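Residue numbers (this note's numbering), protein chains in the order written: chain W, 1 to 115; chain S, 1 to 115.
Keep in mind that the hints were calculated from the coordinates and are not lab data. Note that the coordinates shown come from a computational prediction; the quantities given were computed from them, not determined experimentally. Among the clues, some could well be false.
[To be verified] Now the in silico label distances, taken between C-beta atoms and shown as ranges:
1) W:SER83 x S:SER30: 24 to 34 angstroms
2) W:GLY16 x S:LYS42: 22 to 32 angstroms
3) S:PRO40 x W:MET45: 17 to 27 angstroms
4) W:MET45 x S:SER12: 37 to 47 angstroms
5) W:THR17 x S:ASN61: 14 to 24 angstroms
6) W:ILE12 x S:LYS42: 13 to 23 angstroms
7) S:HIS39 x W:GLU101: 16 to 26 angstroms
8) W:SER18 x S:THR77: 41 to 51 angstroms
9) S:ASN61 x W:THR80: 15 to 25 angstroms
10) W:LYS64 x S:LYS107: 40 to 50 angstroms
11) W:SER18 x S:HIS10: 33 to 43 angstroms
[To be verified] Rough simulated footprint, nothing fancy, chain S against chain W, three-plus residues with beta-carbon under 8 angstroms:
12) 13-21
13) 96-106
Every residue gets a Cβ at the ideal spot worked out from N, C-alpha and C, and that includes glycine.
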Amino acid sequence: GAVVSQHPSWVICKSGTSVKIECRSLDFQATTMFWYRQFPKQSLMLMATSNEGSKATYEQGVEKDKFLINHASLTLSTLTVTSAHPEDSSFYICSANLAGEETQYFGPGTRLLVL
Amino acid sequence: AQSVTQLDSHVSVSEGTPVLLRCNYSSSYSPSLFWYVQHPNKGLQLLLKYTSAATLVKGINGFEAEFKKSETSFHLTKPSAHMSDAAEYFCVVTWYGGSQGNLIFGKGTKLSVKP
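Throw the hints in and build the complete structure from the sequences for me.
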């Protein structure tokens with residue numbers, strides 16, 4: 001149980017385009033999902049906390065207009081990187097936790113390469 | 001303030017020998033502690049967690065960790081390394097009652113296993 005999926009796993013796009021990444025909880029309902037970013041050989045950095053039916057809470061330094069998060073249902077959160085630039089190239093990972101639990105279950109990640 | 005320190009950025013062992021990955025934490029509250037493993041280009045997989053129950057925690061793939069409050073440590077061990085254990089390992093701390101999403105990640109320890 002507690003499986004989180006992400007789609008796509010890999011995406012290559014041109015500079016200036018927008019990219020949408022989906023995060024799904026497959027066998028449980030997730031009222032809260034989290035989006036992380038990981039640069040090569042570094043640890044994970046929390047970008048935002050996504051709450052179903054409400055606006056996401058962004059960490060300091062993360063541009064909310066750049067990284068649009070939508071959590072429309074209890075099993076799906078999306079992250080849209082708008083007008084992507086090469087510096088947005090990174091590994092994006094989402095996670096979710098079961099209600100009342102502290103353990104976060106992570107998706108497999110999406111590698112974004114912006115040319 | 002909460003923090004976590006992984007004392008070694010890289011650990012190299014021979015196959016069949018013991019593994020020790022060190023982690024120290026700082027928390028003003030009762031912490032919950034996790035070890036996650038990340039294989040190349042993959043998401044994070046939960047190895048084990050400590051949440052104020054037994055101090056010796058057994059996880060998957062033969063790993064275990066011992067919570068030592070007096071030493072503020074949560075070191076990860078395995079009696080005999082396998083080639084498939086080569087990966088990046090993250091020690092993570094959160095605290096009971098903390099805001100969801102307040103996972104504090106260590107910087108990671110890369111484990112190499114030599115044949």
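Evaluation of the provided hints:
At about 44 angstroms, the beta-carbon gap between SER83 of chain W and SER30 of chain S misses the expected band of 24 to 34 angstroms. Between GLY16 of chain W and LYS42 of chain S the Cβ separation comes to about 29 angstroms, which falls inside the hinted range of 22 to 32 angstroms. In this structure the hint that PRO40 of chain S and MET45 of chain W lie 17 to 27 angstroms apart at CB holds, the actual value being about 19 angstroms. For the hinted restraint 37 to 47 angstroms between MET45 of chain W and SER12 of chain S, the CB-CB distance of approximately 27 angstroms leaves it violated.
Look at THR17 of chain W against ASN61 of chain S: about 40 angstroms separates their beta carbons, and that is not inside 14 to 24 angstroms. The beta-carbon spacing between ILE12 of chain W and LYS42 of chain S, approximately 19 angstroms, falls within the hinted interval of 13 to 23 angstroms. At roughly 24 angstroms, the beta carbons of HIS39 of chain S and GLU101 of chain W sit within the given window of 16 to 26 angstroms. For the pair SER18 of chain W and THR77 of chain S, the supplied restraint of 41 to 51 angstroms holds, since their beta-carbon distance comes to about 45 angstroms.
The given range of 15 to 25 angstroms is broken by ASN61 of chain S and THR80 of chain W, whose C-beta atoms sit roughly 36 angstroms from each other. At roughly 27 angstroms, the beta-carbon separation of LYS64 of chain W and LYS107 of chain S lies outside the given 40 to 50 angstroms, and the hint is violated. Roughly 37 angstroms separates the CB atoms of SER18 of chain W and HIS10 of chain S, a value that falls within the hinted 33 to 43 angstroms. Counting residues of the stretch 13-21 of chain W whose CB falls under 8 angstroms from any CB of chain S gives 0; the rule of at least 3 is not met.
For the stretch 96-106 of chain W, the proposed coverage by chain S is satisfied: 6 residues have a C-beta within less than 8 angstroms of a C-beta in that chain, meeting the threshold of three.
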